Amino acid sequence: MSQPSEPTQTDSYRPQGHYDAAEAPIQQPKLGFVGYLRFFWRQLTSMRTALFLLLLLAIAAIPGSLVPQVSSDPNGVIQYKANNPELAPILDKLQVFTTYSSVWFSAIYLLLFVSLIGCVIPRTKHHFDALRARPPKTPARLQRLEGFTTRSAAGDPATAVETARALLKRAGYRTEVYDDSVSAERGYLRETGNLVFHTALIGVLVAVGIGGGFGYTGQRVVVEGYAMTNTLASYDSFNPGRFFTDSALVPYSIAVDSFVPTYETTNIAAFGQPIDYVANVRTTLRGGDPQDATIKVNEPLHIGDTQVYLLGNGYAPVLTIKDPDGNIVFSQPTACLPQDANLTSNCIIKLPDGLAEQVGMIGFFYPSAVPLADGTLMSNFPDTINPVISLNMYTGDLGLDNGVGSNAYALSLDNLTQIAGAASATPAIKLSPGESADLPDGLGTIEFTSVPRFVSLDVHHDPAQTWVLLFAVLVVAGLVTSLFIPRRRVWVKVASSADGVLELEYAGLARGDDPGLDAAVAELADRHLDQLAPKVEP
Amino acid sequence: MTDTLVTYSNIAVYSAMAIYALAFIMFTLDLSRRAAAPAAVPARVEAVASGSTAVLVEPPLVDDAPTKSPRYLRAAMALTILAWALHVAAAVLRGVAAGRVPWANMFEFTLTATAIIVGVFLVVQFWQDLRFVGAFVSGFVLIALGIAATNFYVDVVPLPPALQSAWLVIHVFVASLGTGFFALGAALSIVQLLQARRAAGKAAGLRFLDTLPAAEKLENMAYRMIVVGFVLWTFTLIAGAIWAERAWGRYWGWDTKEVWTFIIWTIFAGYIHARATRGWRGSRSATLAIIGFTAVVFNFTIVNLFFKGLHAYSGL
Ligand code: HEM
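Chains as they are written, first to last, in this note's numbering: chain A, 1 to 538; chain B, 1 to 316.
Next comes chain A alone, as it looks inside the complex:
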């Protein structure tokens, strides 16, 4: 390195392997446990290790983007396993389906952050000392430094030194006079910014961890006219953090009065594309007075330390089924899973009791049904222009009694016989709202009563979210400070020659990337000269 040799007492502490740090001799670990520990620690906190771990982290993040993840795409994982029966068990063993919480991914980022902490602490300590230290002694020869330039002027040395010092002070330098020279340094903020940046990264990680540990998320499908409450029993699915306790659930309820979608109808290229979704709700917090509110995509509802998001919607046809005596055995909305952009939806209904046999139904709901050439239906618009439900019916054993929890959105056909649909004597039952039909085998009647919509609400509680944001802002602030504030030293040296003329020397030294240094030194020289010998207008 061609670093000019000069006093370094105010240099920033540089980790081992930093290009700016003294080359440490190859160190053999001293014998003994402590010796090894110290050796290992020094390796872990070196620049090379930090670089290696950063690049390793980038590589380790790749597999999780190639293979579906349990956290973001659970159905994709099931499908992937079905499609790749050979590979899937291996990937499963390697925790590739949960890459970002896997042992190996966690190990990399935890090591990186241990390295980061080990790096930041000594630097911070050193930086505090440096802030109180004086700028270093002026090097004996300035010629070899950057932006070296000379001027000459008349006057006495003491004034020249004092003027230079005042100029540098005004420009934000910390100055120190050594004999007939000024030593000045600025840009401590650069190192401060760097330390803030790295420390804030630790802050982000810790805040994310705390938020995940104490927070929870819950999902719930709510049909228009119904309500959900913020209680464990009310959720369709619930994911608590590791340190979650029931007391984190603030009691409230959200009643969905209506869900109003808007679809594009004028632009043919986007016909039927959703333009807006609005859920009109009434909320009650801790048994207080109900309040009206709306939830939209991009505009979650804030209530009781949670955010409530509108993440999905669809149709929930209400079917009323009666036994042959006219007793209602089933009358409720069934949330149907949307299958395509025009909301053709898949409905599963299970009737274990009430009729002579157990009955299961697989239905397709078409909000805007149009017949295809082969007699089947499709939907050509997501709103209810011509709503039709078509139901295949089965009797037999629904498999609900064996104590195994079953998926409400799937029907196992293993022990069922079709009684209405293409594979049986009776065709599928097709109904529009208000219509009814007889069930096959004299089982009873079915009526398509109405077709409300449902919304799926996601409830999130993350107590540390604001902290994450705060640290993220500090990350950016620290970064900008450390990357764009130049850290530099400047020296001005005054020597008087025999004939009373002052020989002035100026030079600088960059600490890190500093494209403007030469210009800054030249400008300093010119302004200094101006002050020493004010130009006289001719």
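Check each hint, because a few of them may be wrong.
[Claimed, not checked] Reference listing, derived: stretches of chain B covered by chain A, where coverage requires no fewer than 3 residues with Cβ under 8 Å from a Cβ of chain A:
1) 143–157
2) 213–227
3) 247–258
Treat the hints as calculated values from the structure; they're not laboratory data. All values derive from a computational prediction rather than experimental measurement. Just so you know, even glycine gets a beta-carbon here, dropped at the ideal spot from N, CA and C.
Using the hints provided, position chain B with the ligand relative to the given structure of chain A.
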């Protein structure tokens, strides 16, 4: 009305492409002229050897070479500016036609992001003469526009609810701006690698390199571009997280696009560290810069088109 504007916008895109093609040819002719011209200055090996803190020898700029005025270069720059004006007009017309920012699907992202890349290239000239990467920039933008116009084209459609947010404006714009700086950084790093090979005597024949700055100077220029890009990218990452929190109910979910944005961020953090690590300055860190930009392009094309995730906004 919308249709007319879209038609004008498309005409402007194709005209811009034609002119970028001419500019590319001129930039290339300029490079070959440099190869033909007697080396105006000796190889500046001394600059390569200088220390980490100083660029002691300012290499003379091409224009100083008295032998030939860089006629091709000036023509190339003029053509680039003209093409860029049309390019910006195309993006603006598209935005007016749609009644929103022109970056809501793959075609529009590409249209706007490439305009920003060229914009960064042009604006940076005021501050540093980077015209010698003009062939890279015009060639890259030409290919990107060509692919967008033929493969990504979609009609103007309204925004789906998830995209209706001020964050669309901020997040995507800043990401494109960052991409522009990364692109220039990568271009400079490529020249730097060539220059380093040449200095090591391994790349004889590329005589135009004689007229370009030395490897270390290129490295410093690339670093400055990438550092700006990195700050913008960091902001993109955070803005994306804030938006994801509003739209999808969580600020970070390792969605494929999030993963790749993170990977790119980490690669460039690695680049910045590499620049500060003994043994990693020079060609090694330049390689990281090129890998980083490749990841940006990958994120924008392959991840958008073939990876499954929540960012399904390509419109294709
Ligand atoms: C989570 C991991 C890390 C990330 C994302 C990261 C990122 C960065 C970034 C973006 C910079 C440039 C901005 C600035 O100067 O503030 C930087 C600089 C720096 N980092 Fe890190 N860093 C990480 C870990 C570490 C570790 C473990 C060390 C210690 C070995 C370290 C030491 C440094 C040093 C010394 C600099 C200044 C470089 C220079 O002198 O130009 N970093 N880091």
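Which of the listed hints are broken here?
-> none
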